[in-house]
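**Q** Below, each chain spelled out in residue letters.
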Amino acid sequence: MKILKIFLVLILFSFFIAGCKLEEPSIKKSNPVQLNQPAQELFMSFVALGNSLTAGYQSAALTAKYQEYSFVKQIAKQAGLSDDQFTQPLLGWPGLGAYTEKGAGILQFNGFDENGNPKIDPVPYAGTGFDPFNPFLNAEVAGLGRPYNNLGIPGIVLADVDSAISSAQSYSGSGLIDVVLRNPAFGNTTALQQALSLQPKLVSLWIGNNDVLGYATSGGTYPPAPTDKNTFAYLYNSLLQKLLNAGTKVVLANIPDVTNVPFFTTVPYMVEVQGNNIPLWIQATDGVRQATAEDLILLTAKSYIGDVSGTYGPADVPLGLDKSAPLPSAFVLDKQEKAIARQAVADFNAVISDLAANSGGKVALVDINALLVDASDEDGYPLAGVTLTTNFLSGGIFSLDGVHPTNLGYALIANEFITSINETFGANVPMIDLLQFLEEQQPLKLNLQKIAKLPNMLTIPEIFGGKINL
Amino acid sequence: MHKKLLGLLLIVLLSSTMVFGSGFSIYEQGAKSMAMAGAFVAKANDVSAIFFNPAGITSLKGWNIAIGGTIIQPQASFIGPTIKDPNLYNEAETETFFPPHLYVSYTFNDRFSAGLGVFVPFGLGSNWGKDWPGKYLATISKVQTIFINPVIAYKISDNLSVAVGADIAMGDVDLEKVVNYPVRDIDLYSKLKASTVGYGFNVGIQYKPTEKLTLGAAYRSNVMLKFKDGDAQFEYPSIDSSDPQQQLMLAELKYLFPNTKGDADLELPTFTSVGIAYDFSDRLTAEFNYFVIGWSSYDVLTVKFKDPVGGKTESVNERKYENSASYRLGMEYRVSDNFAVRAGYLKDNKAVPDNRVEPSLPEGDRNIYNIGFGYKWNNLTFDFAYMLLLQDDRKITESVDNFNGTYKSLANLFGFTLGYSL
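Chains X and H supply the protein sequences, listed in that same order. Just so you know, we're using our numbering here: the first sequence kicks off at 162 and counts up by one. Just so you know, we're using our numbering here: the second sequence kicks off at 742 and counts up by one.
Possibly wrong hints are sitting among the right ones.
To be verified - Now the in silico label distances, taken between C-beta atoms and shown as ranges:
1. X/Thr461 <-> H/Asn1090: 50 to 58 Å
2. H/Asn963 <-> X/Val469: 38 to 46 Å
3. H/Asp1023 <-> X/Leu183: 36 to 44 Å
4. X/Lys463 <-> H/Asn963: 42 to 50 Å
Claimed, not checked - With a cut-off of at most 25 Å between alpha-carbon atoms, the simulated PhoX-like pairs for lysine-lysine come out as follows:
5. X/Lys182 <-> H/Lys871
6. H/Lys1045 <-> X/Lys611
7. H/Lys934 <-> X/Lys182
8. H/Lys1136 <-> X/Lys606
9. H/Lys1053 <-> X/Lys280
10. X/Lys611 <-> H/Lys1002
11. H/Lys934 <-> H/Lys1047
12. H/Lys1136 <-> X/Lys190
13. H/Lys1091 <-> H/Lys1117
14. X/Lys606 <-> H/Lys871
15. H/Lys1045 <-> H/Lys932
16. H/Lys967 <-> H/Lys1088
17. H/Lys1047 <-> X/Lys189
Stated by the list, open to error - Here are some chain X residues the structure puts well away from chain H; computed CB gaps all over 12 Å:
18. Leu242
19. Gly288
20. Asp418
21. Phe598
22. Glu600
Because the hints were derived from the structure by calculation, they are not lab data. All values derive from a computational prediction rather than experimental measurement. Each residue gets a CB set at the ideal place from its N, CA and C atoms; glycine is no exception.
With the rest of the complex left out, here is chain H:
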């Protein structure tokens, strides 16, 4: 049985990663916390604490290992654009993403613990097809960041722990769209691909004023991803090669839109969370978190080209994201010593202002409902969570791109984490 489950997980692990969250963050990094709407910064009582609040690992004993992932199945549609047809229904291709997570921690003694986490806290993917009315804005977009996060935690006293960690972030972007060459009104297909490594840190603190009350706070810093020498590639219209006029046009296109290299800086936002957890009884625990993503760091995306593209050496895309807050409430009820059921609700607020919403990231305010359970079998734990993400319909009327219409989106997420301790 275990082997089969592990096999299933590994199969999905090998498939591609990625998605969307508020902005493009992913906070679903462990099935236990996910079932409680991510309200976990105070309690942080399994090894996924490395992500949520590393101070929490001081409460663990010996070796702890967890591996898992979240299956994310977003669906998105756009009705419009009004300049074409206010009723035109466009559906993004439904894709499945699988950001995995892996955590290891070891508690050396009463005071010291150390851990290592690997997770994907940012990603997005949208695929509207290569020929749709928004093709000049986005066709296929993918952003992915894998974080490797070693941490050390220290128990100052029996009820106070602190932790600090380093983030090594590997970022990949892959952005495709159609561009128009206005001199001759010809379309080209553009692909930007780049990857890089950036660095950051995280800190956490956990405090238990009473036996039943736990407070926690955590902060994860900005990570500056400096993409260097990314590939900017263009695909050109096919021509009748016996027509000298068309030959000339193609030569012109290839000259003006050369396959070249590009640099871009993308500053990933901060994560700040504070939380309070309370044990109502031996069986029932509830936690509330307030969580802010510092998206205002994503103000403008400038791509600098090595050779001029369309006569320009840089392409400037204003993003003007805003900080986004979410309110998370989660509960756990321990039915027996080895079985717990969990539920949660979270209200997630948009990071992209109305006039800047575009199809590569069709996000908005969300109501998110979660349920799940955990089962313990000797040294092994298995956690499962289901999340239903319902996004408010977002009607855009003042788009800076003149791309107005209504975005609709929802997502089903399934989280699995398999833990082992010894």
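Next comes chain X alone, as it looks inside the complex:
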């Protein structure tokens, strides 16, 4: 029996001494980043030039609530710049945009209708107190005595940056030129001139999208062709040289391929009619024909397919479903038009990357096209168990207009910019914590101690007519 007692003691002893522990590290999280010298210098004066993507346009409008998440504002925030150090032309709610002429602002998602389709409608100006002729968030923003740091202007093309002084005197005719540049008060200066007057140390330049998107989003109708590639190369080079000659560093981004943008990829080319999938009839470059997988039906076509009002074709013939009522060209980027748009993107991107490569380290390049190519494959953009995709509505990257990013999409873009700025210029701007970002954006918080109960589950299917289409 004695030996058993010894064993028992040995066993118990081994629990205590042999119970090895995992060593805890001395550092359990990173300390806040102190900006290094290169980063401090770059962000002494940070200015952004570009179009809607730089302005922070989202869900078909520009409005302060979402301008706060423009990718350049997010970069500025990461670099520690205050609202005064990085100013934006903040607009009131519901903002200026695609529906302004119809008396409405930003698109809103209002759940699903009785057919299970998402309800997406612009917020009307009526009742909001919004004045499209004085759209600014407040008098302070409107009366800022110097140009805005964010000079991104929705709708402008490359040629406008160095030439447009007003909507009337511009290539694109974008109404927002007047809002952002505030001429003649600012001496009829261009976006480039206003940028240089701020003596920038770092300029973000993401431009050229509309030189092909205008063509593509109008189904190849208006303008009838993308900007000529030689013209593009000449304008881009001259714009970049003017910036570099002023002694600033520049960060450029290239242009996403239209085939990775949900505006072009959401509406299928076939519709289900009595259980059969039938290709839509379209007005294509090569005449009226049925669509194939090679043709892209634009998001704008969605609410007109099957329309029998006669506005777009003969009355009482459902639009797109009969040879006599093809979808108008403006709703379709057909195979040939798609090839033209893709070629233009490839040409423009070649120009941009060549210029960046030959800049002697003064230019950083951001490959946004590659980011979206990655996100549009079947694995999407993985984020620690959340998968972001380029799908419309459910993908998390693109907003309700199908062209412009969401807050999170802009955060992804900001991180790409920060990576490139850090790598090229030796800066150490901290990346955005995307998981934290996701958490902060949530309108409803999951609280496991307090779980939601609906009083009557039976009413739920009726709300959506028994289905939701994602």
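Got chain X sorted already, so can you dock chain H onto it with the hints?
**A** Relative to chain X, chain H alone:
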């Protein structure tokens, strides 16, 4: 004294089961073999042979019964993810698991023996808490399989035995994590729970070319676990019930993420082992085993839902596990007729490729050290083993989930087996 020990064992037996191994296999199914790093397929000279190599039971006499278990205390931590903070330290909750084992065998005559084993060869458990940076991958994960394994063994000649058995495997899975509804960026808590029964077989062979040399080999087949009608449940964010907008959101969530049923197939891997044992003297025996787990069977985990969840009727998780080999070396030194000391070392290799490692199973290459002893008292034997499992730090840089960082893990294991023969 015996009663107290038995009482202790029973208490732990009643507590919950489970853990992690290479992949999520558990090879610690008897304290004697465990003390020798599981190098037991050749010698297989106690009733736990039912698990390791059932041909070994032909060397036993009369009735043999053993009951025991392994206390497993794994610790795991993760530093990262780099997309959040490369230095962020996350510690999994330390849990104690207790896979039990029970063996009975009877030798009818010089030729025939039969036996029955009950053990838990697969399991995993990890609990990172419900709110941590990896919550969209895993919060609480539990997998458990209880095998019931009747075997018959036949002694063809004095130095050659063979055996065959059937496996009845009862599997339970319980997987929890947070899912995100991207349309509105709202989190939900998801729970999948399922259990099922699957079948397989095992075979073994033992050969003694000389008095001192023993060779052994054993194989345990795949077991297909077809989980049917498992419960998929969601917990929703609480809302302000006076806010119609929030009411609508909740209704939408409940519609898109209904509590529903799900089916999934999980194919458990094969076990293949070969070994050689040699008696250097009357007192000293050494054994070497080469052991392979056929983890490549775990390629993809597809859960099919009865009602669409988040608009999808199935969730596909690629696992892409690879076969994992271990090298096991064990020794026994018999100090006296009724007391033996044992030691072993094993090198265990990872089953999960680098880019597929995720927090529900933080495994990797391991160096494992074992010591133990056995004591015999009339018809009673008591075996004890201690195992220290040191896992190499595993730095992941190319995670398919974009969840990169460093996994650290170790485990303390204590094995007890009480045997009785008559």
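**Q** Give a verdict on every hint.
**A** Going down the list of hints, with the structure as the test:
At about 56 Å, the beta-carbon gap between X/Thr461 and H/Asn1090 stays in the expected band of 50 to 58 Å. A beta carbon spacing of about 59 Å between H/Asn963 and X/Val469 contradicts the range 38 to 46 Å that was offered as a hint. Roughly 42 Å separates the CB atoms of H/Asp1023 and X/Leu183, a value that falls within the hinted 36 to 44 Å. Distance hint check: the CB atoms of X/Lys463 and H/Asn963 are about 49 Å apart, consistent with the given range 42 to 50 Å.
Simply put, X/Lys182 and H/Lys871 have alpha-carbon atoms about 23 Å apart, close enough for the 25 Å limit, and the pair holds. Distance hint between H/Lys1045 and X/Lys611 is unfulfilled; the C-alpha atoms sit about 29 Å from each other, more than 25 Å. Of the pairs offered as hints, the one joining H/Lys934 and X/Lys182 is violated, with about 32 Å between alpha carbons and a cut-off of 25 Å exceeded. Between the alpha carbons of H/Lys1136 and X/Lys606 the distance comes to roughly 32 Å, so the proposed pair goes past 25 Å and is violated.
Note on H/Lys1053 and X/Lys280: the hinted pairing holds, with a Cα-Cα distance of about 20 Å set against a maximum of 25 Å. Restraint check for X/Lys611 and H/Lys1002: the C-alpha separation of about 24 Å stays at or below 25 Å, so the hint holds. For the given pair, H/Lys934 sits about 14 Å from H/Lys1047 by alpha-carbon distance, which is consistent with the 25 Å threshold. With a C-alpha separation of about 17 Å, the suggested pair H/Lys1136 and X/Lys190 falls inside the 25 Å cut-off, and the hint holds.
Pair hint H/Lys1091 plus H/Lys1117 does not hold up; C-alpha atoms about 37 Å apart against a cutoff of 25 Å. A hinted pair counts as satisfied when its Cα atoms are at most 25 Å apart, and X/Lys606 with H/Lys871 qualifies at roughly 13 Å. The hinted pair formed by H/Lys1045 and H/Lys932 meets the criterion: a straight-line CA distance of about 14 Å does not exceed 25 Å. Between H/Lys967 and H/Lys1088 the CA atoms are separated by roughly 32 Å; this puts the pair beyond 25 Å, and the hint is violated.
Under the criterion of a C-alpha separation no larger than 25 Å, the hint pairing H/Lys1047 with X/Lys189 is inconsistent with the structure, at around 43 Å. The beta carbon of X/Leu242 is kept farther than 12 Å from every beta carbon of chain H, the shortest such distance being approximately 22 Å. Every C-beta of chain H lies more than 12 Å from that of X/Gly288, the closest at about 17 Å, which supports listing it as non-interface. No beta-carbon of chain H comes within 12 Å of the beta-carbon of X/Asp418; the shortest separation is about 22 Å.
Look at X/Phe598: its CB is around 10 Å from the nearest CB on chain H, not clear of 12 Å, so calling it non-interface is violated. With 12 Å as the threshold on Cβ separation, the claim that X/Glu600 sits away from chain H is violated: the shortest Cβ distance comes to roughly 8 Å.
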